[in-house]
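Here is how the chains run, residue by residue.
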Amino acid sequence: MTQQFYVSPEQLMKDRADFARKGIARGRSVVVLTCREGIALVAENPSPSLHKLGEIYDRIAFAAVGKYNEFESLRQAGVRYADVRGYSYDREDVTARGLASVYAQSLGAVFTAESKPFEVELAVAEVGTTIAQDHIYRLTFDGSIADETGFIVMGGQADAVVEALKGRWNAEQDFGEAIRAAVDSLRYDGGSTAEPRAHLGSRTLEVAVLDRDPLTARGSIRAFRRVPAQELDAMLGNDRAAV
Amino acid sequence: MLPEDAAATIGRAASTSFSDYIAAQNPAALPSARNAANHTGTDLAPHATTIVSLTYAGGVLMAGDRRATMGNIIASRHIEKVFPADMFSVLGIAGSAGIALDITRLFQVELEHYEKIEGTRMSLDGKANRLAAMIRANLPLALQGLAVVPLFAGFDTTRRIGRLFSYDVTGGRYEEQEHHSVGSGSVFARGALKKLWKPNLGEDEAVKVAVESLYDAADDDSATGGPDVVRQLWPVVYTVNGAGARRIPERSLARAAEEIIASRSVSGREA
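Residue numbers (the working numbering), protein chains in the order written: chain A, 117 to 359; chain B, 1196 to 1466.
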């Protein structure tokens, strides 16, 4: 007969948190940052079709690190939530705050009740008409939610990237400058003492933006736009010439 | 082998349809959720009238007049009946206006939802089929007099041509060549289109042909509104080509309408 050992709730939660953290740490980082022109989302992702960044609604985007199958199902659920809400109420009644709060509930429920927590970390970003109205929510595997300003970095080596980005980012940058700052910072994920990695190009990057004013820029109310490889290389090419 | 419930999710994933999802979650939110019992609702609610669509060099165009009627009453002079469905397609609606507007809204969300979930746009034939399914779902109401008959046009991004589709109340989908029209004034508009349409029309000429065919429809059909110079109301016209769907600005429409009115006044004939 197998003996059921007593495990304290503290130990149980700690084990689960360690398990989730370990899973998340394996992936490359994702940066979400606000700037003058809108919100830029930069992910290190070698796959051109398995996205880490996605469109949720008119002014809301999604970014994630961790296990693909888990965050992909959360992304699809988020799109359903937003579309149902926008269809039954109105388009302007879909907010990042509402979405982040249902994500937090779902992640929290899985963390405590399921046999294994989600090994994901999510960001829900909503672009406003001014920088002050931008919202970036960070959601972790245990269902905690944080309303961040400026920028967030998610993934295993997030702290090192945050350190690198602090000196490179400011709110007055345009998309080109902000994306260059984020891509440059991703190279320093080995920490400030380690040698930075070689330049990153469009092959290993996935970049998207939320335009602050998509209606005048593109005649669309949907702010989310993926930056195509060619445009991205041109953006980063300037950077290389300057270095 | 996959566990049974895990395998079932694969089957369910075949449909990323918003309307299927909402039918399961909240069926009352669907346009077809209405029930007119055994009554006929023909004169109950506003009725939207004539839509014309024609192909031109590099794309397809759709235009609709601005009138909605309830029996012999003009319910609206401002109604818009042509809408962009997504970046590369437009739809025009004729029939029971309230239901048609709901179907339009559902169809727009359906296409956007698919695009976001799948990360790619639906094919033009796929879009035409989804619209057919929504019209089919409205059949019980159509039999009670609340029919919706859309016209769907879009740019086929793989074949690089503009295509247009008409529907019947049972959800039958028919691809049309050159031009087509639906609604109460469609017979007259069709006659005008037959004389005015030529292969490879330029965009400006195509706009003028569409406005003129609606003028002819309004001339003979009391439920279709002609260009209204007093209120400065012109038809709603959208073009779709390789660059996407675009609404023709009021200025161009005013000019096209005024030219037609002027040329008809000058000729001084009865029709």
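Simulated from the structure, these hints should not be mistaken for lab results. Worth double-checking, as some hints may not be accurate.
[What the hints assert, rightly or not] Where chain B lies over chain A, by a calculated footprint (3+ residues, C-beta under 8 angstroms):
no., region
1, 185-196
2, 243-251
3, 300-307
[What the hints assert, rightly or not] Coverage of chain B stretches by chain A, computed from C-beta distances (three or more under 8 angstroms per stretch; other residues unrestricted):
no., region
4, 1218-1230
5, 1300-1311
Cβ atoms here follow ideal geometry from the backbone N, Cα and C, with glycine treated the same way.
For each hint, the structure was consulted:
1. 185-196: Answer holds; 3 residues pass the 8 angstroms Cβ test.
2. 243-251: Contact hint for the region 243-251 of chain A vs chain B: violated, 0 residues under 8 angstroms.
3. 300-307: Check failed, 0 qualifying residues.
4. 1218-1230: Answer holds; 3 residues pass the 8 angstroms Cβ test.
5. 1300-1311: Held - the region 1300-1311 of chain B has 6 residues with a Cβ nearer than 8 angstroms to chain A, which meets the minimum of three.
In summary, the structure is inconsistent with hints 2, 3 from the numbered list given earlier, while agreeing with the others.
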